[in-house]
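**Student:** Listed below, chain by chain, are the residues.
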Amino acid sequence: MIEARGLTKVYGDKTAVAGVNFTVEAGRVTGFLGPNGAGKSTTMRMIMGLDRPTSGSVTVNGSPLTGHAAPLRDVGALLDAKAVHTSRSAYNHLLAMAATHSIPKKRVHEVIEMTGLAEVARKKVGGFSLGMGQRLGIAAALLGDPQTVILDEPVNGLDPEGVVWVRNLVKYLASEGRTVFLSSHLMSEMAVTADHLIVIGRGRIIADAPIQEIITGKGQGRTRVRTDQPDRLMQLLAGTGVSVEVQERELLEVTGLDPRQIATAALENHVMIYELTPLQASLEEAYMELTKDEVEYHSLITTGAVPVEAGGN
Amino acid sequence: MSSTTVESTPSRRGADAQRSGNGSSSGPGPSFLRVLNSEFIKFRTLLSTLILLGSTVVVMVGFGALSAWGTGQFSEAAARDPEVGARLAAQGGDIAVSVPTSGIAFAQLILGSLGVLLMSSEFTTGMARSTFAAVPKRIPAFAAKLVVVVVTSFVVTAASTLAAGFVSVPILDNYGLGLDLGSPQSVKLLLVNSIYVAAVAAIGMALGTLIRNSAGGIMSLVGLFFVAPIAFQLIPGDFFVEARKYLPGNTVDPLTAVEHLPDTLEAWQAALVLGAWVVIPVLLAAVLLKRRDV
Numbered sequence: 063m064i065e066a067r068g069l070t071k072v073y074g075d076k077t078a079v080a081g082v083n084f085t086v087e088a089g090r091v092t093g094f095l096g097p098n099g100a101g102k103s104t105t106m107r108m109i110m111g112l113d114r115p116t117s118g119s120v121t122v123n124g125s126p127l128t129g130h131a132a133p134l135r136d137v138g139a140l141l142d143a144k145a146v147h148t149s150r151s152a153y154n155h156l157l158a159m160a161a162t163h164s165i166p167k168k169r170v171h172e173v174i175e176m177t178g179l180a181e182v183a184r185k186k187v188g189g190f191s192l193g194m195g196q197r198l199g200i201a202a203a204l205l206g207d208p209q210t211v212i213l214d215e216p217v218n219g220l221d222p223e224g225v226v227w228v229r230n231l232v233k234y235l236a237s238e239g240r241t242v243f244l245s246s247h248l249m250s251e252m253a254v255t256a257d258h259l260i261v262i263g264r265g266r267i268i269a270d271a272p273i274q275e276i277i278t279g280k281g282q283g284r285t286r287v288r289t290d291q292p293d294r295l296m297q298l299l300a301g302t303g304v305s306v307e308v309q310e311r312e313l314l315e316v317t318g319l320d321p322r323q324i325a326t327a328a329l330e331n332h333v334m335i336y337e338l339t340p341l342q343a344s345l346e347e348a349y350m351e352l353t354k355d356e357v358e359y360h361s362l363i364t365t366g367a368v369p370v371e372a373g374g375n
Numbered sequence: 025m026s027s028t029t030v031e032s033t034p035s036r037r038g039a040d041a042q043r044s045g046n047g048s049s050s051g052p053g054p055s056f057l058r059v060l061n062s063e064f065i066k067f068r069t070l071l072s073t074l075i076l077l078g079s080t081v082v083v084m085v086g087f088g089a090l091s092a093w094g095t096g097q098f099s100e101a102a103a104r105d106p107e108v109g110a111r112l113a114a115q116g117g118d119i120a121v122s123v124p125t126s127g128i129a130f131a132q133l134i135l136g137s138l139g140v141l142l143m144s145s146e147f148t149t150g151m152a153r154s155t156f157a158a159v160p161k162r163i164p165a166f167a168a169k170l171v172v173v174v175v176t177s178f179v180v181t182a183a184s185t186l187a188a189g190f191v192s193v194p195i196l197d198n199y200g201l202g203l204d205l206g207s208p209q210s211v212k213l214l215l216v217n218s219i220y221v222a223a224v225a226a227i228g229m230a231l232g233t234l235i236r237n238s239a240g241g242i243m244s245l246v247g248l249f250f251v252a253p254i255a256f257q258l259i260p261g262d263f264f265v266e267a268r269k270y271l272p273g274n275t276v277d278p279l280t281a282v283e284h285l286p287d288t289l290e291a292w293q294a295a296l297v298l299g300a301w302v303v304i305p306v307l308l309a310a311v312l313l314k315r316r317d318v
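Residue numbers (the working numbering), protein chains in the order written: chain A, 63 to 375; chain B, 25 to 318.
Any given hint might turn out to be false.
What the hints assert, rightly or not - Using 25 Å as the maximum straight-line C-alpha spacing, the simulated DSS-like pairs for lysine-lysine come out as follows: (1) B:Lys-314 with A:Lys-76; (2) A:Lys-144 with A:Lys-185; (3) A:Lys-168 with A:Lys-185; (4) B:Lys-161 with B:Lys-314; (5) A:Lys-144 with A:Lys-168; (6) A:Lys-168 with A:Lys-186; (7) A:Lys-144 with B:Lys-314; (8) B:Lys-161 with A:Lys-144.
No wet-lab data here; the hints were simulated from the structure.
Kindly produce the complete structure, drawing on both the sequences and the hints.
**Tutor:** As structure tokens, then:
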């Protein structure tokens, strides 16, 4: 379990992480989602004790990493695919890491096999592709068979097969009861991988909920209705908190009522409806909605006009 | 890189993985000896390290041989030069005894740079994040690396001084000059110079830790050991004459001289000054390493 309390990191005049509170529970995959520069990596480095929080604290299983007797056996992290000396071979890198905790050579071979690095393990890391670097980083993270696994953008640079592999791996690790904390700026990846989502923007937590809740919560229960009497139905449904949008001549989109309420109203008033579809916002839409005010770098697509202000507030 | 499966994930801990409590660990942690072993593995698995160590031996032996030849050629003429005569007298009139250590200026540059590189490369390559994630207390990793750097520098300097001696003896013999590698002064020169080079390597490692940049660290080292002595000599004024004595590079002569040389420190002062040049940067580096973000 990872717990952040009032965790803050300030670099000069820039606040990278602004007093965040969150808990990453064991036994499920927790996604850490946010646009670039939102503070994900900084938060993860603070969990690993590499960056010192300006204020607040973060603990793993109740104590900061410096208080752990065998850190590598408790927490494994992929923080940066290139956290490796480029002139050393992958095998020797893992061997040196393992030596700090008397982890046997057998385990080094195991993680090399597991991550599919067997063929390149004796080659210098400097020649590795981004994907191979990621696999080595994941191998290093799993070396101590840790209870807590932290992966910063693990699918970056992986081929499609590797992406699926990471997805299955983190689910498997969580199913074993481990704490799995996984960052990404790709909402589509999170939608299929994470059970729980923490969304961060500009150093602040803007959502912390089960993934299903984030998707439906922002969807606001929209329902698509087709009827041959749209005007009549609109009158019937009108009320506070209800908005009806006419999409086509016989197609309405209703917000603020669930499908059952719409169907009941139609049945009681003998209005025929021939489609009643609950709409789910995609995670992508939900994410855009959540982060629209929190993105650090907006891209401006202008047609001829001169961009005036990029950053917003 | 293909067929990687999750089902075959070898895990020594299954569904009972869930543990609670304050960082309870299921096996040995980073004791100093384990971290030392790790640092030694890191040291010996870099080709560049091995090349620098090999270069030290080659340079020391090469300069020893050259110096033996030059000393032989020069011995008679040098005896008439009053300045060299004074130095000769300070070394007990034995011109041949310092031949094996004549390459020491280069050994200190190479091994001092090695000290810088071993730490600066941790930061330039990002390896430091792996190192300090495994050893979050940081100081054990720093101390272990320091031990590896100091011990290796000492051993390599001592061994290559000895090798240079073995090569020099027959050359000097040709000119009728005797060199007894077992004489107290030979042993003293070997030990003091080896300790000195180990100290330079430690200073290098401290600089690499403080500056975190290979070029910057090596330039600082060169500045301290090669530029400052010359600059201090060129600047007029008593202050710089006095200050020059306290440069780390000028602590070796007083320590090896048979008699006290003019314009140098006493041997015990030199030992203290060299010690301070090692201890202060190393402590500063350790404190800042602990405090700074990686």
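**Student:** Run every hint past the structure and note whether it holds.
**Tutor:** Structure-based check of each hint:
For the hint pairing Lys-314 (chain B) with Lys-76 (chain A), the CA-to-CA distance comes to about 23 Å; that is within 25 Å, so the pair holds. Among the hinted pairs, Lys-144 (chain A) with Lys-185 (chain A) is consistent with the structure: their alpha-carbon atoms are about 15 Å apart, no more than 25 Å. Only pairs whose Cα atoms come within 25 Å are accepted, and Lys-168 (chain A) paired with Lys-185 (chain A) is accepted, the gap being roughly 19 Å. Between the alpha carbons of Lys-161 (chain B) and Lys-314 (chain B) the distance comes to roughly 7 Å, so the proposed pair stays at or under 25 Å and holds.
About 24 Å separates the Cα atoms of Lys-144 (chain A) and Lys-168 (chain A), which keeps this hinted pair within 25 Å; it holds. Straight-line distance between C-alpha atoms of Lys-168 (chain A) and Lys-186 (chain A) comes to about 21 Å, which keeps the hinted pair within the 25 Å bound. With a C-alpha separation of about 22 Å, the suggested pairing of Lys-144 (chain A) with Lys-314 (chain B) holds against the 25 Å cut-off. At roughly 22 Å between alpha-carbon atoms, Lys-161 (chain B) and Lys-144 (chain A) fall within 25 Å of each other, so this suggested pair holds.
Comparing the model with each numbered hint stated earlier shows that all of them hold.
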